[in-house]
Amino acid sequence: MITALELLEILAALGYSWARMSMSLLLSILFSLCVGILAGVNRLAEKIIIPILDILQSIPILSFFPLALYIFISVHPIIGPEIAAIFLIFTSQVWNIAFGVYEAIKLLPHEILEAARSLGLGPLRRLRDLYIPAAFPKIAANIPASWANGLYFLVACEIITIGESKWKLFGIGTISTEFMLSGKIPQFWISLIAVVAAVIFMNLALFIPLMRLSERYKFEAYAAEVPRVWIERATKPIGELFGRIFADKGLPGGEPVSRFLSYLASIIKRNKVIVSALAIAALISSSAYYLNSIDVSDYLEVVISGFGRLGLIDPLLMIGFSLLRVVSAIIIGLAWVIPVSILIYERRRLEKILVPTFQVLASLPATLLIPLIVKLVLDAKLPLETGAITLILLGTQWYLFFFISSAMRSIPREEEEVCKLFRIRGFKKFRHLYLPRILPSLVMGCLVAMGGGWNTLVVAERIVLDHFIWQVENPGIGKALSEAVTSGDLGLLVAATIWMVGFIAVLNKLFWRRLYQKATEIVGVVT
Amino acid sequence: MKTAANSAEKMREHLLELREVSFSYVMRGGEKLQVFDKLSLSVSYAEFLGIAGPSGCGKSTLLRIMAGLLKPESGEVLFRGKPLKEPTPRISMMFQSPALFPWYTVLENVMLALIHEKELSREEKEERVKVFLDMVGLMGFETAYPAELSGGMRQRVALARALVAQPDLLLMDEPFSNLDPLTAISLRREIETLWRNQSLPPSSVVMVSHDIEELVELSDRIIVLTKRPVKIAGIIEIEMERPRSRRSKEFYEYVDEVYTLLS
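So the sequence lines, in the order shown, correspond to chains A and B. The opening residue of the first sequence carries number 1 in the working numbering; numbering runs sequentially from there. The opening residue of the second sequence carries number 1001 in the working numbering; numbering runs sequentially from there.
Just so you know, these hints were derived from the structure itself, not from any lab. Note that the coordinates shown come from a computational prediction; the quantities given were computed from them, not determined experimentally. For every residue, glycine included, the Cβ atom is placed at its ideal position computed from N, Cα and C. Keep in mind that the hints are not guaranteed to be accurate.
[Said to hold, decoys possible] Covered stretches of chain B, as calculated for chain A (at least 3 residues, CB under 8 Å):
| id | region |
| --- | --- |
| 1 | 1099-1106 |
| 2 | 1110-1116 |
| 3 | 1254-1262 |
This is chain A alone, in the form it adopts within the complex:
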């Protein structure tokens, strides 16, 4: 039976994990505002920032965890792992928020921008009165997904084995894994239920009120109402509190951020070459400083040998198989997300039930369910690939849902009424109205989901639960990365990561960017 002490332990662990998550979420929002607005406003910044974000969001978190851990521990041996964990959760939460902010700024109506210009709003005022409020709905809409994604990797971040050394941070991920492995099944379930309860509480108390609050920051004449749930009464005071903070005083911290940003922007604008040269020099010298402690030439040798051992055909084969898995997961995701989003748009009543349900579901960490999924797949004697694709799907589908359903909700009422007047229904309505309207968000959603998919590969293609190892039979880049992490093979790890990141960069450049360009061209200037 479960003891009171264990219950307390679970609660304390939850508190620790939640503190990590909240810290990195705040960091993510601040970072997204800076970077997203800069990219949305400044052409030059856009050209630099967006490709970098594309690449960064596609780097598998767990593969650079050892590197990050190494660097942060060299900064401070005790708080280093803690910072490393926050940093890694941050890298799993930030990208969709940053892209959301960028998109919100890019899609600002021309009239509004011109009005701001004609009102003579300076960069600072524009930031406070226009850009941040305009980005607010996208941030609010992306927080649940980010939280879910952070939880997904929290479990993996708190406990990590590299070769012989093992780091453990006290938290819900560690504790639930320990319960599972020591056969304390009721305790495992209780900690799982505690996570679910905490996630539901976060949604009701914070995420949903925030989303409701953000409604009035939208530009559509017919702003879609955020569905009300039965706990409306319970959450109202919190929502109102936020309302007061946001409405009366503007966004807290908005002003210093804006001042810093406009200062930064003006510097970069004036000294493009010098600033970029300085940035690159700083990056190289700082990494050289940390790498010095393990001797640069050794390090290079290790990495080169890693590339040598990987060869040329194997990595391509691994990436090919992994790509297949990610693409199938996205297709499966789209197959339910698009019809459900349309259904929600057309039946307002469903929205009130389905959207909060999905928000809660989306916030549940799929990684905590890994043991369960493995068991189900093994019991049902399904091909192991289905397990891997299920795990990728769990890590990607909510991006698709939130991107597409929020695009659906911002379709002007009148356009839908035109379809009704001319009795344009079914597939025709999809072709003439829904598809063009959601196209940019569809592409963006797929891009972000794919990034998320690459990230989940490390846990999806090869699962290590202490002695129990479960992996796909066919090659996979995630499997290779996971193997390199467990064996502590730094060279192989870096080489495989570079292969993967390189491939993702090429894919983004040759495929996604062009597709997004096309999509926005088709939709034209949205009036």
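Given chain A's structure and the hints, the job is docking chain B onto it.
Just chain B now, with coordinates in the frame of chain A:
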């Protein structure tokens, strides 16, 4: 030109009739906002009906009920004597904004209204669309995108789209409110001409507007509504020669009459 006898005879028949229609919105707080409580009114054949009322009283909602876009909670909407269950191509609507699809050209936007005309070939549809584009003065703009047009031109596309399926009834929700006065004048003239020409659609027009002079200039009859729940404050029949001059004394007497009912 319609003869007086002809139109008087047709006036007696109702093209569209609202019988004791009730409608309410559920507000954010959860309370019900009664917009209409057993409201009855009718639109006759060949009539130009103006609707005026204080802002926010539910004029747009009323038009959407007439179009079949919204279902009344109780009461009936009869179109040519039969219950109106859903939108029909016989009733078309122009919104305050043109509501064009930005990803389609002018031609494609107007073609959307003919999507169910299965017996027409694509070429025939294009021909017909071109006739209507010509009618609203947009010949030569078929391949332009809405974003490349001015506000007045966009509203003309919306007009062509509303008319191309040759409806009996055209509903207009403040169609000129977003236009500059000169464009509004010429578009008003065009709509009046189209409506008066019996061989061309539409037979009847219902127009909601804040602009009382505009209503007096165009309407046969003006229904003035009250605040919520909406009742009919009064109906004014306007018997003036067309085209009407805005400078005549008679014109201003009608305008004053509407204002009196509104306040």
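Tested hints:
1. Under the rule that three or more residues need a Cβ within less than 8 Å of chain A, the assignment of the region 1099-1106 of chain B holds, with 6 such residues.
2. Given as covered by chain A, the region 1110-1116 of chain B passes the check, having 4 residues with a CB less than 8 Å from a CB of that chain where 3 are the minimum.
3. Counting residues of the region 1254-1262 of chain B whose beta carbon lies closer than 8 Å to any beta carbon of chain A gives 0, which falls below the threshold of three, so the coverage claim is violated.
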